[in-house]
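2 protein chains.
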Amino acid sequence: MINSKQPLILVSNDDGINAKGIAALVEVAKQFGQVLVVAPEQGQSGMSHAITSAVPIRVRLVKEEANATWYAVSGTPADCIKMAMNQLVPRKPDIVLSGINHGSNASVAVIYSGTIGAAVEGTLCGIPSVGFSLLNHSANADFTASKELIYPIVEKVLSEGLPHFSLLNVNIPDIPFEKVKGYSYCRVTKGKWSEEFEKRTDPQGRTYFWLTGFFQNDEPTATDTDEWALANGYVSIVPLQVDWTSTSLLDTMKKSWSLEKSRV
Amino acid sequence: MINSKQPLILVSNDDGINAKGIAALVEVAKQFGQVLVVAPEQGQSGMSHAITSAVPIRVRLVKEEANATWYAVSGTPADCIKMAMNQLVPRKPDIVLSGINHGSNASVAVIYSGTIGAAVEGTLCGIPSVGFSLLNHSANADFTASKELIYPIVEKVLSEGLPHFSLLNVNIPDIPFEKVKGYSYCRVTKGKWSEEFEKRTDPQGRTYFWLTGFFQNDEPTATDTDEWALANGYVSIVPLQVDWTSTSLLDTMKKSWSLEKSRV
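Protein chains in written order, with this note's numbering: chain H, 18 to 281; chain F, 18 to 281.
Heads up, a few of these hints could be off.
Any copy will do: because identical chains look the same in the list, a pair fits if it lies in one copy or spans two.
[As the list claims (entries may be wrong)] Straight-line alpha carbon distances no greater than 16 Å define the calculated EDC-like cross-link-like pairs of lysine to aspartate or glutamate that follow:
1) K198 <-> D235
2) K173 <-> E277
3) K164 <-> D191
4) K164 <-> E236
5) K196 <-> E165
6) K47 <-> E81
7) K196 <-> D159
8) K196 <-> E236
9) K272 <-> D241
10) K173 <-> D191
11) K196 <-> E172
12) K80 <-> E172
13) K22 <-> D268
14) K109 <-> E212
15) K198 <-> E277
16) K47 <-> D111
17) K209 <-> D260
18) K272 <-> E195
19) K278 <-> E172
20) K37 <-> E195
21) K207 <-> D235
To be clear, the hints were calculated from the coordinates, so they are not data collected in a lab.
Work the whole structure out from these sequences, hints included.
Next comes the structure, spelled out in structure tokens:
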């Protein structure tokens, strides 16, 4: 796969530079070209597209391999991509890969996900970007099948690109390779997280809360969603856009809203 | 404006419970009903839709007024809305208002904005939600005109609601009320932030970076964008959707992609 003029592949994640998932992703990426890893020093799950401006950011060269250089950044996934683009890349990367996340980023998890935050930042930089997640939260999750399932996606996006302002959110069911039925192109499942705090009392008698909860699928019978695909043994590939304008509501507003500036 | 059965208005922000902007927003909200303020203890600018799961969260009752109760939360704007909905609301709020942010959230700032993070979380809870921002970063910014300009928008959304999975991003130019030309319904400007780190050396001789940079408008001549509206004296109202599926790319993929599962 490697051409004489090797592609440059920027890799990040939100579970941190030491996560098993990013090691698996780098293994795949190395088959396609030169890899630059820029990932958070520590876990940054649920950091969405957060950026760090209140405190300074540090960068640490972790290791240099023949075809991969690893940096750790004391910030968020989006910070990592910004830092890479501004300080670390020798040229514009050909692709940004984020993950492999330990745990699902299907449905509205995409909004909270630091894995997707990194991929969205890559997209804003004009680079084809893909976020990958395995439906297994364990630190010791098995990424063997994931590596094989990711390969054709990286190959496709690297050779053909993606439309401007678009990215892919890929989720992988936690089942053996043989049982995976294939790839499903689908949309974001509508849903939300419910009952989200566990109330406790500390040794000083003061109340505190742990974020918890469960996913509530608002459309469990729809068959064109990522949740359906995953529950039925498919790798879900959801194309996302970073332009959040609601064109339908904009049309309605232009036609029928008539707000007037007036003194209250 | 206040009916016998008063609306319940949930207010949050990302500049923190003590910011001048949220006080201005609460002043407006009180004219429409009972107000519940649940805002971060500290500034959370640039926190996007981040949520806090690695550390516990605490809640502090700040003050109780005749028609407003104020709570501070040791977390992000999205945490505040989750905490409000799960622990603090007497019933489902009729509207979520976030802001008034000190500084612009136009164009792609919407992706990084904690102000919008709170409004998106309100939207996920099925509540009509609006984020407000004034184009002035100063802690002591003047919100006099903003209060008047916000009023008709709150009135409209409170009485008519918004389509499911939609919210509004409102930005206000930093000019006197008399000079504001009116309201403009517009789309997110395509652009990005560039040259984003300032490199420094600490007293121990080690390198660190401050996030900085400037906004680069990719379509400065387009007249239907929020950046254009603001530069020309209008309050920009951008309808956003929280379903990020790219339907156009999904169509393309379904028609012409044919990824095959295969051993590498």
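Okay, the hints, checked on the actual structure:
| no. | hint | in the structure |
| --- | --- | --- |
| 1 | K198 <-> D235 | neither (25 Å within a copy, 41 Å between copies) |
| 2 | K173 <-> E277 | between (50 Å within a copy, 11 Å between copies) |
| 3 | K164 <-> D191 | within (12 Å within a copy, 51 Å between copies) |
| 4 | K164 <-> E236 | neither (30 Å within a copy, 39 Å between copies) |
| 5 | K196 <-> E165 | within (13 Å within a copy, 60 Å between copies) |
| 6 | K47 <-> E81 | within (13 Å within a copy, 59 Å between copies) |
| 7 | K196 <-> D159 | within (15 Å within a copy, 61 Å between copies) |
| 8 | K196 <-> E236 | neither (25 Å within a copy, 47 Å between copies) |
| 9 | K272 <-> D241 | between (31 Å within a copy, 14 Å between copies) |
| 10 | K173 <-> D191 | neither (23 Å within a copy, 47 Å between copies) |
| 11 | K196 <-> E172 | neither (22 Å within a copy, 54 Å between copies) |
| 12 | K80 <-> E172 | neither (26 Å within a copy, 57 Å between copies) |
| 13 | K22 <-> D268 | neither (47 Å within a copy, 32 Å between copies) |
| 14 | K109 <-> E212 | between (43 Å within a copy, 14 Å between copies) |
| 15 | K198 <-> E277 | between (56 Å within a copy, 10 Å between copies) |
| 16 | K47 <-> D111 | within (13 Å within a copy, 52 Å between copies) |
| 17 | K209 <-> D260 | between (21 Å within a copy, 12 Å between copies) |
| 18 | K272 <-> E195 | neither (53 Å within a copy, 26 Å between copies) |
| 19 | K278 <-> E172 | between (54 Å within a copy, 13 Å between copies) |
| 20 | K37 <-> E195 | neither (22 Å within a copy, 59 Å between copies) |
| 21 | K207 <-> D235 | within (5 Å within a copy, 31 Å between copies) |
Against the hints set out earlier in the document, violations occur for numbers 1, 4, 8, 10, 11, 12, 13, 18 and 20.
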